[in-house]
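Trainee: All chains, please: the whole structure from these sequences, using the hints.
To convert, note that position 195 of the sequence shown is 195 in our numbering; the numbers rise steadily by one, no gaps.
Some clues are possibly wrong.
[To be verified] Pairwise CB distance ranges, derived in the manner of DEER restraints:
no., residue 1, residue 2, range
1, Gly147, Leu379, 41 to 51 Å
2, Val357, Lys232, 14 to 24 Å
3, Ser103, Ile144, 13 to 23 Å
4, Pro257, Lys232, 35 to 45 Å
5, Pro308, Val357, 38 to 48 Å
6, Ser172, Arg71, 36 to 46 Å
7, Ala158, Pro119, 27 to 37 Å
8, Val41, Gly160, 27 to 37 Å
9, Phe346, Pro257, 46 to 56 Å
10, Leu118, Lys342, 53 to 63 Å
11, Ser107, Arg71, 46 to 56 Å
12, Arg71, Ile164, 46 to 56 Å
13, Ile30, Val375, 23 to 33 Å
14, Leu161, Phe346, 35 to 45 Å
[What the hints assert, rightly or not] With a cut-off of at most 27 Å between alpha-carbon atoms, the simulated DSS-like pairs for lysine-lysine come out as follows:
no., residue 1, residue 2
15, Lys68, Lys232
16, Lys336, Lys232
17, Lys68, Lys286
18, Lys68, Lys342
19, Lys232, Lys342
20, Lys68, Lys336
Bear in mind the hints are in silico, worked out from the structure with no lab data behind them. All C-beta atoms in this analysis are idealised placements derived from N, C-alpha and C, irrespective of residue type, glycine included.
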Amino acid sequence: MMVRYASYFMAALLPLLLFRWFAPVSIGEIDFWLLWLLAMVLVSLPVIYAEIALAYRSVDAPLAGMQKLTREADASPLWRSFGWLAAIVAIIIAALVISGASSGILSALAELDTAPDLPSFAIAGGLMVIALLLSLLGVAPLPIGLGLMVIGMIIGVANGLPQIHFAMTNISLIEWARAVALALVSVGAGTGLYWFGQHLVTRQTITAVAVENHYASSSQASKASTVYRATKLVLPIWILQLVVGVVALFTSGVALPPVGQLLYWVGVLFVARYLLHYSAQQLAHKFGLLVSLLMTLVIGLLLVILVPTTWLVGLLVIISSVAVLLLSIFAGWRMKISHLRKSLNFGNEGLYNLWRVAIRLLVPLALVLALIGWVMQWLS
1 MMVRYASYFM AALLPLLLFR WFAPVSIGEI DFWLLWLLAM VLVSLPVIYA EIALAYRSVD
61 APLAGMQKLT READASPLWR SFGWLAAIVA IIIAALVISG ASSGILSALA ELDTAPDLPS
121 FAIAGGLMVI ALLLSLLGVA PLPIGLGLMV IGMIIGVANG LPQIHFAMTN ISLIEWARAV
181 ALALVSVGAG TGLYWFGQHL VTRQTITAVA VENHYASSSQ ASKASTVYRA TKLVLPIWIL
241 QLVVGVVALF TSGVALPPVG QLLYWVGVLF VARYLLHYSA QQLAHKFGLL VSLLMTLVIG
301 LLLVILVPTT WLVGLLVIIS SVAVLLLSIF AGWRMKISHL RKSLNFGNEG LYNLWRVAIR
361 LLVPLALVLA LIGWVMQWLS
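Mentor: Written out as structure tokens, the structure reads:
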């Protein structure tokens, strides 16, 4: 049952996880949030449609699915790098939030006068090992993570919301870069998580149907094909992200008491372990489960121990942007039109044409401008 709702849980969790890394400096800038809303419409929404369409077409997880799709489209194996980048992006997100969890847990324990005499990176390394072990549990613990995070935030909100003074500021390319980055990470664009979630649902359905007789299977498959619409999957996810994004906006500055911090960061750990589960499952397609778990652990440990959190944010921005750029160009320019039209199954041709213009032109242009903005910010 949890498999069917994994994508919705991640849609609710990603803004809560990642807003704190991208939003605080712009928390009261009205123009920034208008740019974020624009990026959610022009960039994130078309990309989620592309992920769901490719998941439906490939009937497999991102890494294995890209191999099928590139062979089908007679495209270069270079496009398969999206699957590898998606797995790496998920590990980077896990490393970023686990680094934040280690600092938050130490801060909470220090307020309770029970902090261990250990550096933050050592705590982060231990949490990474725990998260990897918990990743073996699969999808099931996701509600636990969401519940603990929400309870921790409610405890903080009970002490009062921070005062936010909204004002219009000058719009710049740097501001657009931060808005696009926030839109991408808050929806998980570039991670392939919704592609993976749709794959899990498909695999579960196929397994359930396999135990029935041939005629019942054919009837069910025929019925499913007549009711399938990508919009039925995409819009609930996207709207949920918008709603949770607004909540995260008003609560990102909330000061959590020690107990609230501990609950929140333990919840974060339960979410991070799903990201590691996803990454290991992708790498297992090439290396087998045991080797993929070891690779995920080693990469995760190197990131949380050796890379500062500010660098992790920059690394996340660059790799996720490149991954989304690859996905948009492949879906917009390399896939056959007839295949995508069938996979999206829009109600009318006009909506399909709007999506195609967005994925072919608007998304790549927005990403290139955002990367230029980030370079300008780093150089300044």
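Trainee: Under the constraints set out in the numbered hints, which ones does this structure not fulfil?
Mentor: Result: no hint breaks.
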